[in-house]
Amino acid sequence: MKTQLNRIAGATTLALLLALSACTDLEEKTYSQVQANTFYRNKDEVIAAFLRPFGHMCGTFFGAPWLINELSTEEAAWPQKGRHGYDNGDWQRLHRHTWTTEEGQTNGAWNGYYYGVGLCNRFLQDLDGIDFKALAIPLDKDQIAAETRVMRAWFYFWLLNDFGNVPIVEKVAEPVNPPQATRKEVFEYIEKELKDNQAKLLKKGDTGWYGRWTQEGVDALLARLYLNAEVYSGTARWDDCIAAADRIINGGKYSLDATWQGPFKLGNESSNENIFVIAYDEKLAGGFGPHQRQLHYQMQKKYNLEGQPYNGIVTEKSFYDLYAKNDKRIEQWLVGPQFASDGKTPLVGTEEFRDQPLVIVPEVTGIATSNEREGVRNVKYEIRLGALNNLSNDMVMLRYADVLMMKAESLFRKGQEPAARVLVNQVRRRSFATEKDADIGVLTAQKLLDERGREFAYELVRRMDLIRFGKFTDAWWDKPASQPFRNLFPIPQAQINANPSLKQNPGY
Amino acid sequence: MMHRYNPWLVVCLLLFNTHFLWAQTITVTGKVSDAKATLPGVSVVVKGTQRGTTTNADGNYSLTVDNPNSTLVFSFVGYDSQEVPLNGRTNLDVRLAEAANTLQEVVAVGYGTQRRETVTSSITRVGQENFNKGYITSPNQLLQGKVAGLAITRPAGNDPNAGAAVIIRGINTVNGSSAPLYIVDGVPVSSIAQIAPNDVETVDVLKDGSAAAIYGTRGTNGVIIITTKRGKDGAPTVDYSTFVGVEQITRRPEVLNRDEYLKALNDNAAFLGLNPADINRTYDFGSNTDWFKLLVRDAVQQQHTISMAGGTAKTNYRISLNYQGFPGVVNNTFKNTLFGRISVNHRALNDKLSVQLNVANTFINRAFTNYGYFEQAINLNPTYPVYNPDGSFYQPNGFAIYNPVAAIDQTTNERKDKVTLASVRPVLEVLPGLLVGTTLALEREDRIGGYYETKGSRPSIESGRNGFASRSTLFDYTKTLELTTTYDRSFGEHTVGALAGYSYQNFIRETFDASNSFFLTDAFTYNNLGAGAYNALGRAGMGSGKYETSLVAFFGRVNYSYANKYLLSASVRREGSTKFGANYKWGTFPAISGGWRIAGEDFMKSVPAVSELKVRVGYGVTGNQGGTGDNLGLAPYQSLQLYGPGAKYAFGSATNYVDTYGPSVNPNPDLRWETKAELNAGIDFGLFNNRLSGTIDYYVRNTRDLIYSYGTQVPPFIFNSITTNVGTLRNNGIEVTLNVVPIQKEKFSWNSNLNFSYNKNVLAKFSNDQYKRSFVDYSGLPAPGNLGNVYRLQEGYPVASFYGKRFKGFTDQGKWIFEDLDGDGNDRSDKDKTFIGNGTPKFNAGFNNTINYGNFTLNLYFRGAFGFDILNLKNIYYGNRKYLPTNVLRSALDNPIRDDPQYSDYYLEKGSYVKLDNVTLTYNIPVPQNKYVRNASVFVSALNTLTFTGYSGIDPELNISGLEHGRDNRDYYPRTRSLSVGLNVGF
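Those protein sequence lines, which keep their order, are chains D and S.
In this text, residue positions in the first sequence follow this note's numbering: the first is 1, and each later residue adds one.
In this text, residue positions in the second sequence follow this note's numbering: the first is 1001, and each later residue adds one.
Looking at chain D on its own, in the form it has when it is part of the complex:
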């Protein structure tokens, strides 16, 4: 009995000791995640990491950046339609320029841009340790590094445009509380990064150029940077803008599409006008759903959409009236009685005009007092019958028409109106039946601004245009004049809370 007891006691003690030695290990084991230190083991992983900032654009630009850059202008609005669309007053404050320092959308844009910056920084830091030869990566390391730096400059461009005075950071996690650079310094940093890296990039037509940063893309971005240089840095750079535009024009690789809708059609990768796009795919690369945001609920039946749209963003009469009846670009707006996809069955309202015919009218009573019928709806991007919640059309960020228009504006600013007018008419021509109709007449600043509005509606340039023309703080249909400090968005309070070295933009 005693031995048996001892044996059991001994076995227990042994089990205890074994357990103590074996079971104090607290290393985490991952199964359906991948840890950084086990990544970069094959060429596809490296390519995937290089493309991560590109993929990030898909979920970013059509979100908060689009909303703050468009809904703060007279070009687009998200009015409250009865019980719908109040959304905590977010859209009304954007429209009336009464946004606070704590807006979710402003903070979302800041986070989205710097997320992109961070992904670029991370990859640039990781890149040092990757042996391209050993992994047989079919890319040039210098070119990849240069392109990632250009991509980073692209995110900084939007920070410059929206927030102005922002920190320039080139490493992940350091320094912990980076100080701001002035808007001018940010401008100079972007200019230098673009110029330093441009020559290493692909050119249009090189294998795999589509959707990527090319030398021509950098010129288009430089042109935009210079066009707004006076706003960004205090010094106008019209000649530099013209020079950048000329490099593209003279390169001869781009041309205007035959119709105004060419750049926005389904399959717009075949457009010869688009210079830099965000490449979307309805299944693989989602994030682009203008139809969801802009169409009335019942227009699901007009396009046999997979999901019901949410009747959000509309355009008010004063902007819609910029389009002449003979301007083909007016076709990008839905107005009047609406029908199902058969073209016959009338769509009916579901809210204020429940079960009555859905007739879209351009007048909007007010940003807080609208209804389901009011405001024309933009369908610039072709919506295929049976579209999913995301579109496959690539989102146009820089295109040849803008290169021409940027050059035209620079010429106009330099007093060369006739040359400018030729370029403007060149862009207008396809949208009118005759050359005569297409002629804009003697250019004025107002005409130029209106023309840019007509051509580039909903393309994320209206705010920078209005600011450049000194019109952003003017009064419009349901907005009183606002203070000049509204030309910059505030540094989001959440960022100042996190990083005490950030200083608020003047006026907020």
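Incorrect hints may have been included.
[To be verified] Here are the computed lysine to any residue pairs in the SDA-like style, where the Cα-Cα straight-line distance is at most 20 Å:
1. D:Lys171 / S:Leu1642
2. D:Lys301 / S:Gln1395
3. D:Lys283 / S:Asn1656
4. D:Lys29 / S:Tyr1504
5. S:Lys1882 / S:Leu1353
6. S:Lys1815 / D:Gly129
7. D:Lys283 / S:Ser1515
8. S:Lys1479 / D:Arg83
9. D:Lys471 / D:Asp450
10. S:Lys1455 / S:Asn1466
11. D:Lys43 / S:Pro1645
12. D:Lys171 / D:Gly129
13. S:Lys1546 / D:Thr38
14. D:Lys301 / S:Pro1426
15. S:Lys1479 / S:Gln1356
16. S:Lys1882 / D:Lys171
17. S:Lys1882 / D:Thr369
18. D:Lys503 / D:Lys471
19. D:Lys414 / D:Gly129
20. D:Lys171 / S:Gln1395
21. D:Lys283 / S:Asn1466
22. D:Lys503 / S:Gly1652
23. D:Lys204 / S:Gly1652
24. D:Lys503 / S:Ala1400
25. D:Lys43 / S:Asn1656
Think of the hints as simulated: they come from the structure by calculation, not from any bench.
Got chain D; can you put chain S on it based on the hints?
Just chain S now, with coordinates in the frame of chain D:
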């Protein structure tokens, strides 16, 4: 806990102590009484046998014995047992003395038990005699309203597939799970789904830090120790119990019927901008549909339990099978459960080795509902028909509305679960008083779900997807190894106890899901995923994952008492988790508590009115892994740098999309435990022979290093938040439990338990040197309108604080006017918002009564919650006539609102309520001595019987876990009262 005539205990005593012998030699009769009256229901057993009986209503008993020199054992709850040798007598009257104190009972303390009188921390035991009865869907429900400081609510009413919210002493974490740790027969478990309520013998609730600290990192939310029924020495017994119940709808939202609806449209035509001539043509669809009524049915529940128990001095066993057939009151919903449990105790090696073995297996088969159906029943036009003339379902036209009767018919949402818990615990007595034990346990939960929407369902038609099917599986696997060594000895007046142990738990979760669409036929439902066409189109869904975490701990405890008067206990646990940062994987959780049993002092002998008096103080540190999600707690891997996918991107050509991968989280190598320090002071007392006894506790608990997602510096970090430890939550409160015996007569007694708790919660800190958070707004109001967040979490305020505008009045046109707090002329800017209420009940109370009269026992269980506000979302959205022609609540026509909804304190209501929850009347059938039936009783029982409240909504009993207290949503599960009749019989 003094329940004199409680039939349940009697049944149990009989169950374990009675059997029948063939030999019959002597019949002994007699009467049992106490100092005042005769005692019915007293157990009388022949010592060393299972033969016995109970006294009848007059206190008389009659018992056959085969040996005239047998000894009879008389026992009864609340009285000292007495053994009386017969010495040949055939008539034996006995007078029982009331127990010196009922605190003699034993309670579970974690890795052991302790006599209640020597316990120095805050622990409450509830025995099965005090459990709620009837239609009980979860073991938690047994305890509702029974324990001061333990708040349990059922935010989804009697939905058989919904769980209860369980909170001990307030919210002590801001990042999710406030659920206590459950220990079942010594094993820390992830789920209590494997326990049939009928198999539970006792539940001990470890409330304070000094009690829970032995469970270290999972002790912060308290510990609930469940002990299941076990076999005892004696002849085999068989018990069968059953009930059949039916549910009735109690309250439902009052919406306009057809006539009221059309009248409201006409009356408000001008306001709504409708042309009166058009109203009937446009909005009258010809029917008179009561949508709510079409979604529900009379549900008849049933439960059957059969248990077999028995054993010898060396081995005993209990086997039980329990079937619950619980159809929900909502059409097409159910939960059917089969529980099986085997427990065996075995002694060997001269009684030096004991082995306890438990195997429990539960099979659950269920069909879920969608609470959104009941929102549709509010807002649908009552003139809509349910069916088209051709018999197909009618579908209305509009934003976010659909035919819910069709949805129930066209949607299948089912799941089958299997939960297994197997454990074995050998304990060896190495030396007198020195025990070495090992617990090995395996817990496994397998779930497989299936979902199908038919080709004709509205989502299928609208999205053109032609049927949608999905399947999902979840596999949880928990391995437990615990080693303990205990030593208990007394040396004269000194009693010492010591415990040392090691614990290892490993958790694995594996998940898989797949979905497909575009089916040729509805014939397969979710059973033939491959038959859909979406996978070929690249649009089918698929996912899988696997996670693993481990917890490792070393722990110890010493108890010391001198003369049963001066009590001291100290424990420590050092515990590590894989989930935390490399530098902070381990935490140390100490506790110390002491008590003074004043009643044991000589000078108290002169105060006979005081039968028990003890003061105690405890301090303990516990941890919390934070986070939500069953056994995983805080999501694992947050201290690691992980890479994850972004959107795919064109590469090589415009149409060739490839993966993109990059960092997916800001890693936090400093992530560590949430730590709670709690001071508890209490007093236990018994007066007048324990006619009045009770417990009072005061506590203050500070949880620091709260795990939360804080805003980081962007740049240089990639993501705008990091999961880290910042901030402190403070809870303090008082708990009072009183047990009173107002009436104690021969045929009539009344036992009463009153418990009351008060808790105050405040977010004491929300920042540290590195991370600042001025506030967080959370819990957005839904579309239409998206009226903003409901709550603000801010330093200095409790969780679940409503933050919004203050209602001032209406304009003559019925438009909102709010207080313009910042005086800028705009009454609805951000600066006009302020703290307008709180959704957490400050007080909870329970009032439990057991009344015996003859063979009848009546249980009346009240519970209530007080001092909180409710935001009534149904009122915000549907108590507004501007929502017409969407249907609205009747109350919409009584109020002056002529404006779109706005969130303000106008919609906050006082939520205090009292519920007469469980009423049970039991009749103990006097069973004459026979060979077959030992005992029998029948009962009728009601649950959720009556609600007393000023709240205008359906039910003020809302969620109390998480941070969204007092938010009464638009979608809901209908509220019911259940009535059941049952039978218990022992063979």
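Hint-by-hint comparison with the structure:
Proposed proximity of lysine 171 of chain D and leucine 1642 of chain S is supported: the alpha carbons are some 18 Å apart, at most 20 Å. Simply put, lysine 301 of chain D and glutamine 1395 of chain S have alpha-carbon atoms about 15 Å apart, close enough for the 20 Å limit, and the pair holds. Among the hinted pairs, lysine 283 of chain D with asparagine 1656 of chain S is consistent with the structure: their alpha-carbon atoms are about 12 Å apart, no more than 20 Å. A C-alpha spacing of about 16 Å is found between lysine 29 of chain D and tyrosine 1504 of chain S, which places the hinted pair at or below 20 Å, so the restraint holds.
Among the hinted pairs, lysine 1882 of chain S with leucine 1353 of chain S is inconsistent with the structure: their alpha-carbon atoms are about 75 Å apart, more than 20 Å. Of the pairs offered as hints, the one joining lysine 1815 of chain S and glycine 129 of chain D is violated, with about 65 Å between alpha carbons and a cut-off of 20 Å exceeded. A distance of roughly 15 Å separates the Cα atoms of lysine 283 of chain D and serine 1515 of chain S; the hinted pair therefore holds under the 20 Å criterion. Distance hint between lysine 1479 of chain S and arginine 83 of chain D is unfulfilled; the C-alpha atoms sit about 53 Å from each other, more than 20 Å.
Proposed proximity of lysine 471 of chain D and aspartate 450 of chain D is supported: the alpha carbons are some 11 Å apart, at most 20 Å. Of the pairs offered as hints, the one joining lysine 1455 of chain S and asparagine 1466 of chain S holds, with about 4 Å between alpha carbons and a cut-off of 20 Å not exceeded. For the hint pairing lysine 43 of chain D with proline 1645 of chain S, the CA-to-CA distance comes to about 16 Å; that is within 20 Å, so the pair holds. With a C-alpha separation of about 15 Å, the suggested pairing of lysine 171 of chain D with glycine 129 of chain D holds against the 20 Å cut-off.
Of the pairs offered as hints, the one joining lysine 1546 of chain S and threonine 38 of chain D holds, with about 17 Å between alpha carbons and a cut-off of 20 Å not exceeded. For the hint linking lysine 301 of chain D to proline 1426 of chain S, the alpha-carbon distance of about 69 Å lies beyond 20 Å, and the restraint is violated. With a C-alpha separation of about 18 Å, the suggested pairing of lysine 1479 of chain S with glutamine 1356 of chain S holds against the 20 Å cut-off. Of the pairs offered as hints, the one joining lysine 1882 of chain S and lysine 171 of chain D is violated, with about 54 Å between alpha carbons and a cut-off of 20 Å exceeded.
Restraint check for lysine 1882 of chain S and threonine 369 of chain D: satisfied, since their Cα atoms lie roughly 13 Å apart, inside the 20 Å limit. Between lysine 503 of chain D and lysine 471 of chain D the alpha-carbon distance is near 26 Å, which puts this suggested pair outside the 20 Å criterion. Distance check on the hinted pair: lysine 414 of chain D and glycine 129 of chain D sit about 49 Å apart at the alpha-carbon level, beyond 20 Å; violated. A C-alpha spacing of about 56 Å is found between lysine 171 of chain D and glutamine 1395 of chain S, which places the hinted pair above 20 Å, so the restraint is violated.
The suggested pairing of lysine 283 of chain D with asparagine 1466 of chain S holds, with an alpha-carbon distance near 18 Å, which does not exceed 20 Å. Of the pairs offered as hints, the one joining lysine 503 of chain D and glycine 1652 of chain S is violated, with about 43 Å between alpha carbons and a cut-off of 20 Å exceeded. Taken as a hint, the lysine 204 of chain D and glycine 1652 of chain S pair is honoured in the structure, with Cα atoms around 13 Å apart against an allowance of 20 Å. Using a Cα cut-off of 20 Å, the hinted pair lysine 503 of chain D and alanine 1400 of chain S is violated, with the two alpha carbons roughly 44 Å apart.
At most 20 Å may separate the alpha-carbon atoms for a hinted pair to count; lysine 43 of chain D and asparagine 1656 of chain S meet this at roughly 16 Å.
In summary, the numbered hints that this structure violates are 5, 6, 8, 14, 16, 18, 19, 20, 22 and 24.
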